[in-house]
Structure formats: structure tokens, C-alpha cells
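Colleague: This is what each chain is made of:
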Amino acid sequence: MAYFTKFGDFQFDVLREIGNIGAGHAATALSQLMQKAIDMKVPQVRIIPFDEVADCVGGAENVVVTVFLRVEGDSPGNMFFILDLDSARHLLTQITGINKEVEEWDELQVSALREVGNILTGSYLSSLADLTKLNLQPSVPGLAVDMAGAILSYGLYALGQSGDFALTIDTAFFEGNEQVKGNFFLIPDPESLPILFRSLGVPFDGDY
Amino acid sequence: MEIIKIGMADLGVAKPPSRLRTTGLGSCVGVVLYDHVHKVAGMAHVMLPESSLAKGGELSVGKYADTAIPYLIQQMQNEGAAPRNMVAKLAGGAQMFAFLGGNDMMRIGPRNVEACKMALQAAQIKVIAEDTGGNCGRTIEFDSTTGVLQIRTVNQGVKEV
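The listed protein sequences correspond, in order, to chains A and B. The first sequence maps to residues 58 to 265 in the numbering used here. The second sequence maps to residues 604 to 764 in the numbering used here.
No lab work stands behind these hints, which were simulated from the structure alone. Mixed in with the good hints, there may be bad ones.
[Stated by the list, open to error] Now the in silico label distances, taken between C-beta atoms and shown as ranges:
(1) B:Thr748 to A:Asn156: 40 to 48 Å
(2) B:Pro713 to A:Thr85: 55 to 63 Å
(3) B:Met604 to A:Thr85: 48 to 56 Å
(4) A:Thr153 to B:Pro619: 50 to 58 Å
(5) A:Glu109 to B:Pro713: 21 to 29 Å
(6) B:Gly610 to A:Gly258: 33 to 41 Å
(7) A:Asn192 to B:His641: 32 to 40 Å
(8) B:Ile606 to A:Asp143: 28 to 36 Å
(9) B:Glu605 to A:Val167: 38 to 46 Å
Note that the coordinates shown come from a computational prediction; the quantities given were computed from them, not determined experimentally. Note that beta-carbon positions come from the ideal geometry of N, C-alpha and C, so glycine has one too.
Could you put together the complete structure from these sequences and hints?
Modeller: Next up, the structure:
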């Protein structure tokens with residue numbers, strides 16, 4: 058975890074701002090889709106042991122609906138859009154008019170929600186690409202309804218090779234009456250951090 | 604009865620009446636070793652197949668199949684277990700997002716299972732039960748008194764092997 062020790066307040070602020078801008082654009086896109094106001098919390102930037110990553114969304118065994126995509130290009134990483142079961146059901150109802158429990162979803166509902174995730178994470182990433190002038194491409198999104206620990210661990214393998222800690226940029230959002238609430242998680246690969254910082258002109262002498 | 608929680612990239616040993624538990628296995632593999640004669644159980648939550656993947660820094664033995672399994676055997680021997688009595692049960696190694704199958708990093712689940720089996724074979728330990736692969740997360744709990752492994756998934760409920 059050598060490179061995390063080089064982090065000062067300034068670097069944390071920059072990452073929080075990345076979360077703020079990215080999730081801000083995503084929340085705007087969600088607001089347009091739902092025709093409702095969406096609020097956002099201040100992004101949390103954390104450097105935490107792997108085990109604690111899932112605690113941010115209710116623990117390793119908590120069942121969540123997640124759209125996952127791999128960020129490829131200049132600054133690779135993993136991106137997750139996470140909703141609890143009730144929120145996912147409400148979101149789907151708002152957008153498609155179909156009101157079904159998550160367990161009863163068929164391919165159409167899964168596909169609709171995956172597309173919502175795709176639009177939102179896409180706006181997160183493109184605003185980040187505009188800001189940094191880096192080439193960032195999303196993979197095809199995948200959707201899973203499963204234990205948070207099992208899903209989020211997917212974002213940790215690249216990090217696992219160089220340490221036992223993950224840097225997560227976590228932004229929570231919620232619709233006015235909290236019927237729909239969820240999180241955007243960006244987990245950059247370790248080698249992406251110096252690239253991100255350099256693109257923004259932030260001093261960072263991380264070494265690996 | 605004590606439940607010993609094994610975190611990601613961690614391992615632990617238990618004797619009756621304790622139980623070993625690890626939660627939210629995705630592509631990670633839960634390896635359980637059991638000496639039924641001496642009633643010593645061990646569990647590892649393996650995250651990556653090979654320690655050769657490690658890039659610098661200190662090596663965390665519990666993280667890789669090829670280091671975690673020999674270390675777990677040794678820890679169990681310290682508690683009085685004998686390798687010749689040991690059998691193994693495996694769970695996990697899923698591919699949560701199948702569409703990314705082309706990317707080697709995303710095929711990590713099957714690779715983890717293979718690596719665990721190789722390490723077990725090298726130690727001449729037989730795999731007597733497994734619930735691996737698929738696309739679902741698993742939580743497992745092992746009873747060191749009976750040698751029963753309980754596997755819980757979101758969609759398929761609980762099964763015992």
C-alpha cells in the first residue's frame with residue numbers, strides 16, 4: 058500500500074471533486090429519466106481494507122442490484138451503480154410503468170435497468186473524460202442481483218495484486234422522498250491514480 | 604459455540620464446537636480443509652490464483668491459492684491435524700458478470716478454482732465436495748464437529764455438502 062501513504066488532503070479533495078462532477082452528471086441524467094429531483098451527498102473518498110468495501114452498502118451479505126462496467130482506456134478501473142431492492146423496483150416502475158418485485162423480473166426488466174445503469178455510468182465517465190481529457194471507455198454493462206460482497210469483490214482483483222486496500226470514490230444519491238436511493242462507486246486501478254492526478258495537474262509522487 | 608469469521612484474503616483454523624464462516628464469495632474461492640480424525644478444520648478465502656501475480660509490497664499469504672493452501676495445512680498441523688487425514692471442500696469461483704468472459708482478469712473465478720485444485724493435488728489432498736462456478740454469490744459456514752459445509756446463495760437457498 059506504499060502509494061496510499063503519499064496521499065494528502067489535497068489529493069483527497071481532488072478525488073472527491075471527481076466523484077462530485079461524475080456523480081453530479083449521472084444524477085442529472087437520472088433526474089431527466091425519472092422527471093424528479095435527485096439529491097446527492099458529498100462524495101466519500103476512502104482508503105479501506107477489502108473487507109470493509111461492502112460495508113458501505115450494507116454489508117457483504119446484503120442483496121443489492123448492481124450495474125457494473127469496466128472502465129478501459131488511459132485510466133482503467135471499475136464502476137458500480139448500486140441500488141437496494143426496493144429502490145430498483147421503484148426506479149423501474151417510474152421509468153417503465155412496470156411494477157414487479159425484483160425476483161419476478163424477466164429479461165425485459167433486467168435489460169431496462171441495465172440500460173438505465175449504462176446511461177448513468179456513461180454520463181459519470183464522459184464528464185470525467187471531459188474534465189481530465191483522458192480517453193475513458195466503458196465496457197458493455199452487466200447487471201447482477203446478488204450479495205454486495207460477491208459483486209464488489211469484482212472491483213478489487215486488480216488492486217489485490219498490489220495491496221490489501223482499495224481506494225473508493227463513493228457518492229450516494231436519493232430521490233426527494235427516498236423511494237429511490239443508491240450509490241455510484243468508482244474504484245480506479247492502482248496504476249490509474251498517477252495518471253488521473255497528472256491529467257489534472259495535481260502533484261503526486263506515488264511510486265509502486 | 605463460536606463462529607470464526609474469515610475475511611477476504613484471510614484464513615483460520617477451528618476445533619469443535621467452533622464454526623468457520625466467510626461471506627459474499629463471488630469469484631473468490633472458499634477452501635475448507637478438514638481432518639476428521641483429529642477434528643481440526645481450516646478455511647481460507649482465496650482471492651487470486653497465483654502469488655506470481657503480486658506486484659511488489661509484502662505478500663499476503665492468504666490471498667493466493669498457491670500460498671494460502673500450504674500455509675493453511677501448516678496452521679492445521681500446529682493444531683494437531685495430520686495432512687494424510689485431510690479432505691477438502693470448495694465453494695465459490697463464480698463469474699458474476701459472464702459478458703466480460705473474454706477478459707482474463709474477469710475469468711478470475713474459474714482460474715481461482717483451478718489453482719486451488721492444483722495446490723490441493725500438490726499436497727495430496729482429495730476434494731470430496733465442491734459447489735463452484737455459476738454466476739451467484741455464496742456464503743459458507745463449516746461445522747468443525749460434523750464436517751458439514753453449509754452453502755447459502757440468494758436464489759437457490761441453503762444446501763449442505
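Colleague: If a hint holds in the structure, say so; if it doesn't, say that too.
Modeller: Hints versus structure:
1. B:Thr748 to A:Asn156: 40 to 48 Å: Distance hint for Thr748 of chain B, Asn156 of chain A holds at roughly 47 Å.
2. B:Pro713 to A:Thr85: 55 to 63 Å: Violated - the Cβ-Cβ distance for Pro713 of chain B and Thr85 of chain A, about 40 Å, lies outside 55 to 63 Å.
3. B:Met604 to A:Thr85: 48 to 56 Å: With a Cβ separation near 52 Å, Met604 of chain B and Thr85 of chain A satisfy 48 to 56 Å, so the hint holds.
4. A:Thr153 to B:Pro619: 50 to 58 Å: holds, 53 Å
5. A:Glu109 to B:Pro713: 21 to 29 Å: holds, 27 Å
6. B:Gly610 to A:Gly258: 33 to 41 Å: holds, 38 Å
7. A:Asn192 to B:His641: 32 to 40 Å: Check failed, 58 Å falls outside 32 to 40 Å.
8. B:Ile606 to A:Asp143: 28 to 36 Å: holds, 29 Å
9. B:Glu605 to A:Val167: 38 to 46 Å: The hint (38 to 46 Å, Cβ to Cβ) holds, given that Glu605 of chain B and Val167 of chain A are roughly 41 Å apart.
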